[in-house]
Structures are given as structure tokens and as C-alpha cells.
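Work out the full structure, taking the sequences as your base and the hints as a guide.
2 protein chains.
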Amino acid sequence: MTARVIDGKATAAALRERIAGEVVRFRDAHGRAPGLAVVLVGDDPASTVYVRSKGKATLEAGMESFEHKLPADTGEKELLELVDRLNDDPAVDGILIQLPLPRHIDADKVLTRIDPDKDVDGFHPLNAGRLAVGLDGFVACTPLGCLKLLRAERGDLSGLNAVVIGRSNIVGKPMAQLLLAESCTVTIAHSRTHDLPAVVRGADIVVAAVGRPEMVKGDWLKPDATVIDVGINRIEAEEDGKGRLVGDVDFASASVVAGAISPVPGGVGPMTIACLIRNTLVSAARRHGFSLPEDL
Amino acid sequence: MTARVIDGKATAAALRERIAGEVVRFRDAHGRAPGLAVVLVGDDPASTVYVRSKGKATLEAGMESFEHKLPADTGEKELLELVDRLNDDPAVDGILIQLPLPRHIDADKVLTRIDPDKDVDGFHPLNAGRLAVGLDGFVACTPLGCLKLLRAERGDLSGLNAVVIGRSNIVGKPMAQLLLAESCTVTIAHSRTHDLPAVVRGADIVVAAVGRPEMVKGDWLKPDATVIDVGINRIEAEEDGKGRLVGDVDFASASVVAGAISPVPGGVGPMTIACLIRNTLVSAARRHGFSLPEDL
Chain A
1 MTARVIDGKA TAAALRERIA GEVVRFRDAH GRAPGLAVVL VGDDPASTVY
51 VRSKGKATLE AGMESFEHKL PADTGEKELL ELVDRLNDDP AVDGILIQLP
101 LPRHIDADKV LTRIDPDKDV DGFHPLNAGR LAVGLDGFVA CTPLGCLKLL
151 RAERGDLSGL NAVVIGRSNI VGKPMAQLLL AESCTVTIAH SRTHDLPAVV
201 RGADIVVAAV GRPEMVKGDW LKPDATVIDV GINRIEAEED GKGRLVGDVD
251 FASASVVAGA ISPVPGGVGP MTIACLIRNT LVSAARRHGF SLPEDL
Chain B
1 MTARVIDGKA TAAALRERIA GEVVRFRDAH GRAPGLAVVL VGDDPASTVY
51 VRSKGKATLE AGMESFEHKL PADTGEKELL ELVDRLNDDP AVDGILIQLP
101 LPRHIDADKV LTRIDPDKDV DGFHPLNAGR LAVGLDGFVA CTPLGCLKLL
151 RAERGDLSGL NAVVIGRSNI VGKPMAQLLL AESCTVTIAH SRTHDLPAVV
201 RGADIVVAAV GRPEMVKGDW LKPDATVIDV GINRIEAEED GKGRLVGDVD
251 FASASVVAGA ISPVPGGVGP MTIACLIRNT LVSAARRHGF SLPEDL
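Just so you know, the protein sequences line up as chains A and B, in that order. Sequential numbering of the first sequence, starting at 1, is according to full-length UniProt numbering. Sequential numbering of the second sequence, starting at 1, is according to full-length UniProt numbering.
Do not rely on the hints blindly, as some may be mistaken.
In this list, chains with the same sequence are indistinguishable; a pair is considered to hold if it fits within one copy or across any two.
As the list claims (entries may be wrong) - Here are the simulated lysine to aspartate or glutamate pairs, EDC-like style, with alpha carbons at most 20 Å apart:
hint, residue 1, residue 2
1, Lys-109, Glu-78
2, Lys-109, Asp-136
3, Lys-222, Asp-43
4, Lys-9, Glu-182
If you're looking for bench data, these hints aren't it; they were derived computationally from the structure. Predicted, not measured: the structure shown is a model, and the values here were computed from it.
The following block contains the structure:
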């Protein structure tokens, strides 16, 4: 058997096109486009690339992008004041602080300063709590993107056994909450789990988010399982010395057993940015009582 | 084999005694006792009993108890104004709104109006979120009490397989978060779970919180499992027509297989009130920078 490859690029492109259509409707109704403010402190090369691609996607969706690039030695107080200004700015519907922040800045303090109703990254503890108790809020973009891929692949997830490997605040934990809300039986596994292969073998759905290259092997999987690979790990290629990107799942062996699997790259990654744009539109819509399609 | 019976009454009494000792220290240092405000709207008989026993436990711990009993036709606005006053009152460290509220009052609106730093019930979404992301906050009293019983019984829980049956906001979900923070591999099962007995059979720790009398049977259990029964269900006795209380676990069959099991009554129930008192003391201590033993 060969697994279907879950095309995150195509699903994300379709989602972004739908969003762009809604943005036109929103702009016609309210005379402005939704706006996303992205704050980058310092010049970490990876962060710079991420910020650039987020800005590009924002503009392509017809939204406004506000980029704030601050020097690495920016003080915490100055950054908090910028957050306050963005919180108060009616043109800004979403605020994203690119992580990691320099060490002299308390990231928790900055992230909890963001107005939870503009927290399109879903990292504010109030949004984590809203997700947990089932209130409207913002869900972190990566797990939201994974859920959209799973729904597109499997439809109704109710009653399926889901295993989430990894318990980070930005992927594993919110992913578990989302799957629970879909009425999956959810298991959260992590580095302390005994006999992880046995745990994974019971799963109809596996979401791997541990940051360990090719850790999940094909013989860990239940035949026909749906596998979502969140990992993005750069490893050295043996032949030419150039790095290549691999996920947390050993694609070669897993794709022989799984029913469907998301590749790395081209799986979860494109969905994350599409969901950021989606959350920004949702924020604008909520602030104006503008209604959006429920499945957006 | 016969399971050890986990004595919640004794564990709760010991906890309450420790709390009372800390309250004396707190009062000596700050010239006042920690205070808990309990608000009851209407005269539901069960709620009246709960409020009375909470007030009694508060006083027995040497704390101040402020009871606010309002008529059933109290308006939402009036109740919100009371919450605002309690939020502002420096003598009040904890605020508890007894549920259920009458139908004409939006309970979510009232619960989210409570200052999260006085929310000793841990029901505010910000506290649910703090628990999820690992920040200090308040954890709902019933799951916190269950965790204390589990720690007393098993010590370090790291790496154990835990199954939580039930996904309510006040028990199942926070219980799962707590067990995850203890580094258990956590599975959340519920009414949509396929083959619940098979799921439970893999568990070293079972927490049952579904509200179905004697649902979990002994032959579902792994030998030597630790079973915490959160259910409190009144069933008709066959002989004398009087009701009796049973848990969600079939005690008779379970106690033959389990290593340890909490009874109903006398298991989780007493721990819930002890944890409410504990949370109130913790709130007072945080507000004054007063340090408490870490394991309290």
C-alpha cells in the first residue's frame, strides 16, 4: 500500500483564495482591509525569512501588512509600548510578535500584553483557556492548520483514536484540545512516554510534533492511519554536504503503512501561514460583526 | 487481590490541618485572615448544603467566610455589581459563585467577571489557559484534589499511563492537563470513545468523571491500577427505597483488580473542599508575597 500524500500546499492555496474573496467583501462593507502587524526584534536570519513570507501572504490576501523591525537592543519597555500602541490602533486586527525574542526581553510578559482579541497567534493564556473551555478565541496557527488538513482528509473525526506526540504550548497541547473538541479519543505522548511505538500503533490519527528527525517509523503505525508531520528538521545530506529538510516521521517507511501522510516540506508549513491570514480576517470580522462562512 | 482504599477523608483532614497552621502564620504576619466570599443565588437545596459546608470548612481553617445569599429573581446586572464589589474588596481573597445559576443569568458572563486572581474555583478561562501553558493560576478544586490523592498514593507519576474518562471543563479537561504536567502519558476518553474497556485496560491511573453510576467495571482495569472515582450518583436502593451514593466505578468488582481505589463517598469529595480552602490561602499569600510550602 502507498499512502496518499496530503498536499498542504494545495489546501493552503485554496484556503488563501477563499480568504482573499472574503477580504474583498469585508473591504466593500467596511471601507478598509483587515490589517496584520508583525513585530521583529533583531535580525535572526530564519525569523527574517518568516516575517517576510508572512508579510507577503498578508498582502496577497488583499490585507494590510504593518511591519515593525526593531534593533536587537530594543528595551522591553519600548517593545511593550509598541504593543500598547498596536492594541489601540483600529487599523490593526492582528498582532504577531516573531519569536524568539532577544534574551533581555521577557517573552511571556510581551505576549500577555497583546490584546487577546488581536492575538492571532493564539499564544495568550486567555486564548489557550478559551480553546480549553470551548469559547471563541484564537487557536495557534500550526495546530489549526493540522486540523484543517485532517478534516479535509477524513471528514468527521468523531470517535477516532488520535495520538499527539509532543506537548508544547504552541503545537501539542492545543492540537490535543482541538482533536478533543472534534470528539476524538485523544492521547498525548511525549519524551517520558513508555513504549511510544505501542501507543502510536493504536492511533487512527497521528500528529507528530517533537522536533526529532524521522523518529516515527512505519512499523509504529496502524495500517491506514492518517499521519500529520509537524516537524521541520534540517539534516546533513550524505552526498553533497547540503542540508535537507525532513519531518518527525520517517516518510519512506511510514508511507508504505499509512493511509495518508503529510510531507515535509509542503505539508503543515503552508497551512500555518494560511491560518495566520485566516485568524486576522476572523479578528477583523469579529470586531465589526461581519459574518464569515463557518468552515473558513 | 484487594485494593487499598484511598482515604480521601483522612488526606483532606491532614491537608486542612496544615492549611490551618499556615493561616495562623499568615494572620500573624498580615493582621487579618484570608477571606472567601461565596455567592448563592436562589435556594436550590443541594447548593444550599454545599455552600454551608464550604462556609464551615472556611471557618474551621481560621479563615473569614463571607456568604452572600441572594433571591432567585436577582438580576444579572445586580449579580455582576456584587462580583465587582468583591473583586475590589481587599478582605476577599477568593470568590466562589455557587452553580448552577438561575436560567435568566448568563453564567459564563458572571464567571468571567471574577478577577482571575481571586478565582479560587479555577473556572475563569484565563486560569484554564494558565494551567494549559504552565503559568501560575488557580486549578479547579476537584481535579486538584484528585491529583493530591494520586501523588499521595503513587509518588512520582512520570511516565505512567493515565486515562481520564470524561471531558468536562471542571474535571476531565483540567485533570488531563495536571496529569500531563506530571509527565503522564494522558488519554482523554468520553462518550464517543470506541471500546472504552480496551482504552482503560492500558491505564496505570484511571480517573472516572462521567456521572454514570458504576459504569467502570473491574474487568476493564489493568491489575494494580490506581482508580480515582469522581462520580457522585444517587441511585435507588432495592430494599428500603432510600437512595444511596455510588461513584462512576463499580467498587465491588474494581476493588478486586485495582491496586488502590478511592471510595464514594469519602474519596474525592472531601478533597474538593480542602482544595478550595487551599486555593483561598494561596490567593491571600500571592497577594501579599507570603511564602507557603511548595507542596501545599
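Status of each hint after checking the structure:
no.: 1; hint: Lys-109 with Glu-78; result: within (13 Å within a copy, 34 Å between copies)
no.: 2; hint: Lys-109 with Asp-136; result: between (23 Å within a copy, 13 Å between copies)
no.: 3; hint: Lys-222 with Asp-43; result: neither (44 Å within a copy, 54 Å between copies)
no.: 4; hint: Lys-9 with Glu-182; result: neither (24 Å within a copy, 37 Å between copies)
Hint check: violations occur at hints 3, 4; the rest are consistent with the structure.
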